[in-house]
Amino acid sequence: MDNEMKLEIKSKSSNEAFARVTVAAFASQLDPTFEELADIKTAVSEAVTNCIIHGYENKDGIIHINCKLFDKTIEIEIIDFGKGIENVEMARQALYTSKPELDRSGMGFTIMESFMDEIKVESIVGMGTKIVMKKNIGEVK
Amino acid sequence: MFVNYEIKSKELEIVFEEEIDHHTCSKLAIMSDDNIKKYMPQTVLFNFEKVSFMDSSGIGMLLRQI
Ligand SMILES: Nc1ncnc2c1ncn2[C@@H]1O[C@H](COP(=O)(O)OP(=O)(O)OP(=O)(O)O)[C@@H](O)[C@H]1O
Ligand SMILES: [Mg+2]
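Line by line, the protein sequences give chains D and Y.
Quick note: the first sequence uses my numbering, first residue 1, plus one each step.
Quick note: the second sequence uses my numbering, first residue 1001, plus one each step.
Treat the hints loosely; a few may be bogus.
Within a straight-line C-alpha distance of at most 25 Å, the following computed SDA-like cross-link-like pairs (lysine to any residue) qualify [stated by the list, open to error]:
1) K1027(Y) to E57(D)
2) K99(D) to K1027(Y)
3) K1037(Y) to P100(D)
4) K1050(Y) to I1007(Y)
5) K130(D) to G84(D)
6) K1027(Y) to E101(D)
7) K130(D) to E118(D)
8) K1027(Y) to A38(D)
9) K59(D) to V88(D)
10) K1008(Y) to K1027(Y)
11) K10(D) to I124(D)
12) K99(D) to M1031(Y)
13) K6(D) to E35(D)
14) K6(D) to H1023(Y)
15) K120(D) to L37(D)
16) K99(D) to I1059(Y)
17) K6(D) to T33(D)
18) K99(D) to E1019(Y)
19) K120(D) to A38(D)
20) K1050(Y) to F18(D)
21) K10(D) to H1023(Y)
22) K1050(Y) to T33(D)
23) K1037(Y) to K59(D)
24) K10(D) to E1019(Y)
25) K72(D) to F115(D)
26) K59(D) to A1029(Y)
27) K1050(Y) to A24(D)
28) K12(D) to M1001(Y)
29) K1027(Y) to F1046(Y)
30) K12(D) to N1004(Y)
31) K6(D) to P100(D)
32) K1050(Y) to S105(D)
33) K120(D) to Q29(D)
34) K1050(Y) to K134(D)
35) K134(D) to K1027(Y)
36) K1010(Y) to I1036(Y)
37) K12(D) to K1008(Y)
38) K12(D) to V1051(Y)
39) K1050(Y) to S114(D)
40) K1050(Y) to E35(D)
None of these hints come from the bench; they were simulated from the model.
For reference, chain Y alone in the conformation it holds in the complex (with noise of 0.2 Å):
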């Protein structure tokens, strides 16, 4: 996982990538926290482009970052 973060529009854009399942997403969801909290951005823009695997804990930990 690794971020952008625009200046400009206060826009951060969390990338996600490879596998997203109930191992790997506690880890996931603490470090795109982490990254909300620091930027404190106005919009924030989930990325699953680069994800290769996704079942329903990705879709938990999704739900509760919004």
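Chain D on its own, in the form it takes in the complex (with noise of 0.2 Å):
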């Protein structure tokens, strides 16, 4: 399989299930288990809070979604053009969050990270923050 879909968004946290509702559906095309499902929902719901809340800080804002399906892997690509990230390793660790005062627990990159086999942070401050995240859909394991 070989298939694209392009998806622009505004930073409302309204828009928040709407994304990942409408990935996850895109997604069902390569017939995921449920709970691979489940897994891409939340990672989407990470990335997409993330640019609403850091990149735009609750501005508004545009928020692209990219995804492609191959074979058996889709790639899902979430963009902002915010603020961006001044040190990407060390907001990625477990338990980092620059706005704690927010009830911010610091859990979205890493559940990103295991909810998905492979996740690319670029950030340029001022520019803008690309996530990039692919999962493998029927993997043995």
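With the hints as a guide, bring the two chains together.
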């Protein structure tokens, strides 16, 4: 299989559920298990929430979500054009959060890493952040 | 979200439903805070059996309550 879809949404928290359900619906073409779908939904929710809270700091912005399906893999790109991350290595550490006052737990990146097979973070301060995640579907574990 | 309060044991059960994410959790946090203030329970039981989706926003909400 070889398929692609692109989605552009406003950085509103009410779009979080829309984004994860839409990506999951697209991913279902690969015939994933219920658990694989739940993993994808959670990872997308983490990345989109980060764009809204950290990238745009709850201000207006646009989030791009690009999905590609390969034979047995889904690739998901989630992009914002917001604040950017100064130190990606530190940001990816478990329990690190720059916004503890907002009841964030610093678990977002850890969840994306454990629920997906691969994650890449590209970020430029003042330009934005791009997360690329891959998950293999139907792998024998 | 709804609550069950057991007078005898002073136990408050907070039952969460549906989806817990960044969008829904602020309202849920306020509602559970209000109920804890109202009942002043000795123990609080958070029940997530009816929750169909939860991400790190739910973890943050829970950490704040304890
Ligand atoms: N899109 C983004 N733009 C700017 N900064 C980001 C972005 N995504 C993550 N970060 C930075 O990386 C940190 C860690 O992100 P992570 O998702 O792991 O934790 P969190 O969002 O702070 O808490 P949680 O996800 O548990 O609610 C954030 O606190 C923030 O500083
Ligand atoms: Mg996060």
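Here's how the hints hold up against the structure:
no. : hint                 : in the structure
1   : K1027(Y) to E57(D)   : holds (19 Å)
2   : K99(D) to K1027(Y)   : holds (19 Å)
3   : K1037(Y) to P100(D)  : holds (23 Å)
4   : K1050(Y) to I1007(Y) : holds (24 Å)
5   : K130(D) to G84(D)    : holds (9 Å)
6   : K1027(Y) to E101(D)  : holds (17 Å)
7   : K130(D) to E118(D)   : holds (14 Å)
8   : K1027(Y) to A38(D)   : holds (23 Å)
9   : K59(D) to V88(D)     : holds (22 Å)
10  : K1008(Y) to K1027(Y) : violated (29 Å)
11  : K10(D) to I124(D)    : holds (21 Å)
12  : K99(D) to M1031(Y)   : holds (22 Å)
13  : K6(D) to E35(D)      : holds (24 Å)
14  : K6(D) to H1023(Y)    : holds (23 Å)
15  : K120(D) to L37(D)    : holds (20 Å)
16  : K99(D) to I1059(Y)   : holds (14 Å)
17  : K6(D) to T33(D)      : holds (23 Å)
18  : K99(D) to E1019(Y)   : holds (23 Å)
19  : K120(D) to A38(D)    : holds (20 Å)
20  : K1050(Y) to F18(D)   : holds (20 Å)
21  : K10(D) to H1023(Y)   : holds (14 Å)
22  : K1050(Y) to T33(D)   : holds (21 Å)
23  : K1037(Y) to K59(D)   : violated (32 Å)
24  : K10(D) to E1019(Y)   : holds (20 Å)
25  : K72(D) to F115(D)    : holds (16 Å)
26  : K59(D) to A1029(Y)   : holds (22 Å)
27  : K1050(Y) to A24(D)   : holds (21 Å)
28  : K12(D) to M1001(Y)   : holds (23 Å)
29  : K1027(Y) to F1046(Y) : holds (16 Å)
30  : K12(D) to N1004(Y)   : violated (33 Å)
31  : K6(D) to P100(D)     : violated (32 Å)
32  : K1050(Y) to S105(D)  : holds (23 Å)
33  : K120(D) to Q29(D)    : holds (24 Å)
34  : K1050(Y) to K134(D)  : violated (29 Å)
35  : K134(D) to K1027(Y)  : violated (33 Å)
36  : K1010(Y) to I1036(Y) : holds (11 Å)
37  : K12(D) to K1008(Y)   : violated (44 Å)
38  : K12(D) to V1051(Y)   : holds (22 Å)
39  : K1050(Y) to S114(D)  : holds (24 Å)
40  : K1050(Y) to E35(D)   : holds (17 Å)
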